[in-house]
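Engineer: What follows is the residue order along each chain.
2 protein chains.
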Amino acid sequence: MSERKMVHKITHVTVRDVRFPTSLEQHGSDAMHTDPDYSTAYVVVHTDSGLQGFGFTFTLGKGTEIVVCAVRALAGLVVGKSLQEIVSDFRGFYRLLSSDGQMRWLGPEKGVIHLATAAVLNAVWDLWARAEGKPLWKLLVDMDPKQIVSCVDFRYITDALTEEEALDILVKAQEEDQMLKEGYPAYTTSCAWIGYSDEQLKQLCTDALKSGWTKFKVKVGADLEDDTRRCRLIRQMIGPDKTLMIDANQRWDVSEAIGWVSSLAEFKPLWIEEPTCPDDILGHAAISKVRGKFGFPADSCVEDLFFHFIVVILHPFVVMLLPVCPHAGGVGLCELVQHLILFDYICVSGSLSNRMCEYVDHLHEHFTSPVVIHDAHYMPPKDPGYSCEMLESSVKKHQYPEGDVWKQHKNN
Amino acid sequence: MSERKMVHKITHVTVRDVRFPTSLEQHGSDAMHTDPDYSTAYVVVHTDSGLQGFGFTFTLGKGTEIVVCAVRALAGLVVGKSLQEIVSDFRGFYRLLSSDGQMRWLGPEKGVIHLATAAVLNAVWDLWARAEGKPLWKLLVDMDPKQIVSCVDFRYITDALTEEEALDILVKAQEEDQMLKEGYPAYTTSCAWIGYSDEQLKQLCTDALKSGWTKFKVKVGADLEDDTRRCRLIRQMIGPDKTLMIDANQRWDVSEAIGWVSSLAEFKPLWIEEPTCPDDILGHAAISKVRGKFGFPADSCVEDLFFHFIVVILHPFVVMLLPVCPHAGGVGLCELVQHLILFDYICVSGSLSNRMCEYVDHLHEHFTSPVVIHDAHYMPPKDPGYSCEMLESSVKKHQYPEGDVWKQHKNN
Chain A
1 MSERKMVHKI THVTVRDVRF PTSLEQHGSD AMHTDPDYST AYVVVHTDSG
51 LQGFGFTFTL GKGTEIVVCA VRALAGLVVG KSLQEIVSDF RGFYRLLSSD
101 GQMRWLGPEK GVIHLATAAV LNAVWDLWAR AEGKPLWKLL VDMDPKQIVS
151 CVDFRYITDA LTEEEALDIL VKAQEEDQML KEGYPAYTTS CAWIGYSDEQ
201 LKQLCTDALK SGWTKFKVKV GADLEDDTRR CRLIRQMIGP DKTLMIDANQ
251 RWDVSEAIGW VSSLAEFKPL WIEEPTCPDD ILGHAAISKV RGKFGFPADS
301 CVEDLFFHFI VVILHPFVVM LLPVCPHAGG VGLCELVQHL ILFDYICVSG
351 SLSNRMCEYV DHLHEHFTSP VVIHDAHYMP PKDPGYSCEM LESSVKKHQY
401 PEGDVWKQHK NN
Chain B
1001 MSERKMVHKI THVTVRDVRF PTSLEQHGSD AMHTDPDYST AYVVVHTDSG
1051 LQGFGFTFTL GKGTEIVVCA VRALAGLVVG KSLQEIVSDF RGFYRLLSSD
1101 GQMRWLGPEK GVIHLATAAV LNAVWDLWAR AEGKPLWKLL VDMDPKQIVS
1151 CVDFRYITDA LTEEEALDIL VKAQEEDQML KEGYPAYTTS CAWIGYSDEQ
1201 LKQLCTDALK SGWTKFKVKV GADLEDDTRR CRLIRQMIGP DKTLMIDANQ
1251 RWDVSEAIGW VSSLAEFKPL WIEEPTCPDD ILGHAAISKV RGKFGFPADS
1301 CVEDLFFHFI VVILHPFVVM LLPVCPHAGG VGLCELVQHL ILFDYICVSG
1351 SLSNRMCEYV DHLHEHFTSP VVIHDAHYMP PKDPGYSCEM LESSVKKHQY
1401 PEGDVWKQHK NN
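Protein chains in written order, with my numbering: chain A, 1 to 412; chain B, 1001 to 1412.
Keep in mind that the hints were calculated from the coordinates and are not lab data.
Treat the hints loosely; a few may be bogus.
The calculated PhoX-like cross-link candidates involving lysine-lysine, where the alpha carbons are at most 25 Å apart (straight line), are [unchecked claim]:
{"#": "1", "chain 1": "A", "residue 1": "Lys134", "chain 2": "A", "residue 2": "Lys289"}
{"#": "2", "chain 1": "A", "residue 1": "Lys110", "chain 2": "B", "residue 2": "Lys1110"}
{"#": "3", "chain 1": "A", "residue 1": "Lys134", "chain 2": "A", "residue 2": "Lys146"}
{"#": "4", "chain 1": "B", "residue 1": "Lys1397", "chain 2": "A", "residue 2": "Lys410"}
{"#": "5", "chain 1": "A", "residue 1": "Lys172", "chain 2": "A", "residue 2": "Lys146"}
{"#": "6", "chain 1": "A", "residue 1": "Lys289", "chain 2": "A", "residue 2": "Lys268"}
{"#": "7", "chain 1": "A", "residue 1": "Lys81", "chain 2": "B", "residue 2": "Lys1410"}
{"#": "8", "chain 1": "B", "residue 1": "Lys1181", "chain 2": "B", "residue 2": "Lys1242"}
{"#": "9", "chain 1": "B", "residue 1": "Lys1181", "chain 2": "B", "residue 2": "Lys1382"}
Computed from a predicted model, the values in this text were never measured in an experiment.
Extracted from the complex, chain A is given alone in its bound form (with noise of 0.2 Å):
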């Protein structure tokens, strides 16, 4: 019995449609996603010891149901797996989720069927975590770099990265005292989503000054005389030694996306974020040429697979040279991301120049081990898992259409 209970077979994968109305109060609205309800397909993978673990992807609202959909589906290929049969072999279970010979049609690894694996596979590396008593960032960094590799799909990719100049360069960068510390700097986006007045913007603005915040980014892309007159507002706050970034989400053209940048360059902002379509890279060299810096290749993370993440650390290119500074926010991506972002510091790149996560202050009050920040710094998490879980109760409030907060929206 005892025996089996370390095996830890998973029995079932339950996963809820949980949407939280964010578009009431233009929290997280851009160029792009004008009134997003910030929401979550979540998934519980369940064993027989009784552990669990939790996972998720992060959703716009409708729709949802269509990634619950793609869960179900792949929990299929999940269930009666154990634990320990899936950690000796992640890669081949990684392969089993991504390639399975008839549902790979449905992306390969993109859309719909991708976030629904990000869901599973979180749930699992918590499940992981959970297992072995420590916080999914420590688990990597006590892991032998021959394991992590050996999580890796390399397929498509040893062109660019062979599993040989992986392992040389996962070695142990930095001790954690460091991390434990002072944490991992952040910047905040919270200020200025588009649908957000000048009065609200001006607001939340003094009150991350107080609170520490230097790095501020703001969302564009819709009006330029609106973006002029909010990057101005922004960089007048803030003054000319804070940073400011800004990001049209995916909004323009390529020649669209010259002009606008080329408007806003006076307020010095340090990067501009999905210019154009993200899977155009010559449009983005061609708009690079313009104008200096992208946060182009952690954009390669909006789906926070640990997976995509470490390949963009790992490629020696970005070890050496680029900036790395990953999407967080939504609903728990902050949660998660911080994980991935200490063992970046930790065994990987071992230096803070150029390294920066975003963070915004929405809906961590949902989670049993929320993010802590201390005057604009991620403090590493001490929880044993992925910080994926969230409140029962939140989750049953919350759930679509069902829950008490949408039975609720209905009725008004």
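Once you've looked at the hints, dock chain B against the given chain A.
Structural biologist: Here is chain B on its own, set in the frame of chain A:
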């Protein structure tokens, strides 16, 4: 009443999960999709006039229910609109479906949501052509070029193709007569699926040669020894002057692809299709250096959206220089694609040099207006619509999981 009828207001959208157990006989098998059950999310757009539009997207079995779920989510954007309203601003309608502020996060224009959008758009195109009493290709050929261009969303592509450039290219290049008389040249993929035995391959190749086929595609990529034997066999049977193409269906890494392609070069394939991840442009360039041509531009059309096809064929570089050899096969893809290639020939390319369309001889018996092949040529369809309608008896029998075919399959 008669005026309301002409408006064709969409009252509801139905969608069904229709699967054919093709994996039982290894039809459609390739190096990555070893056991596909060719399937569709089958959509019917119902209007208040009684006129219906039929459409579908192609899938490989498992997970079709996810696409069905996505079609239901999109249906909410379509119901209540009239055909008149849609065709007077088709670009706006496309953007409504592809850029919903909450749902675009699930793609955008990728994976499940892209497939579902294609199913809905195909049904609307079918409805439009039926309302005009013309096959789709004829609707397009008769259309004012300005209206065709007005159906295309140029967001993200103006650096490659502007509205004005597209207009300049859309001149009537050829009369219809030649197509009506001789049809459009095709190649066959029916002889050499990866799961077929050598005996089966020989028999199918013999039959195809008798029917007048001169161009043959072979699935490769799982085992080099097998591939060598099969390519040799086919090349011997068809002789040195007929055309051979090979298709690896994304199986390889870049370096693997280079090795494999070099080995198979002796059989003189016209192209090697999908040697690696289809998104890896630099990888394709590297492989291309080693071995000539790829069916690459046409690969952008796997979703068979009018939008993507038209953007590819209107690109000045494609018009002047590149072969266009669209994919077909699956369930009903031949039925769809024939309309687009006829439009390409008559209104854009005006030439058959470097033009041929895939043909696969499966599942046509389930359509009300199946494709007509004569002497290895597609003969222009004459029935109104987009040739998307399936026989109701076939749909009922193959609905998953409740249709007779699947109940029986389960009992065996």
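Engineer: Hint by hint, note whether the structure agrees.
Structural biologist: Structure-based check of each hint:
no., hint, in the structure
1, Lys134(A) / Lys289(A), "45 Å, violated"
2, Lys110(A) / Lys1110(B), "6 Å, holds"
3, Lys134(A) / Lys146(A), "19 Å, holds"
4, Lys1397(B) / Lys410(A), "40 Å, violated"
5, Lys172(A) / Lys146(A), "13 Å, holds"
6, Lys289(A) / Lys268(A), "16 Å, holds"
7, Lys81(A) / Lys1410(B), "24 Å, holds"
8, Lys1181(B) / Lys1242(B), "23 Å, holds"
9, Lys1181(B) / Lys1382(B), "13 Å, holds"
The structure fails hints 1, 4 (numbered hints given earlier, in ascending order).
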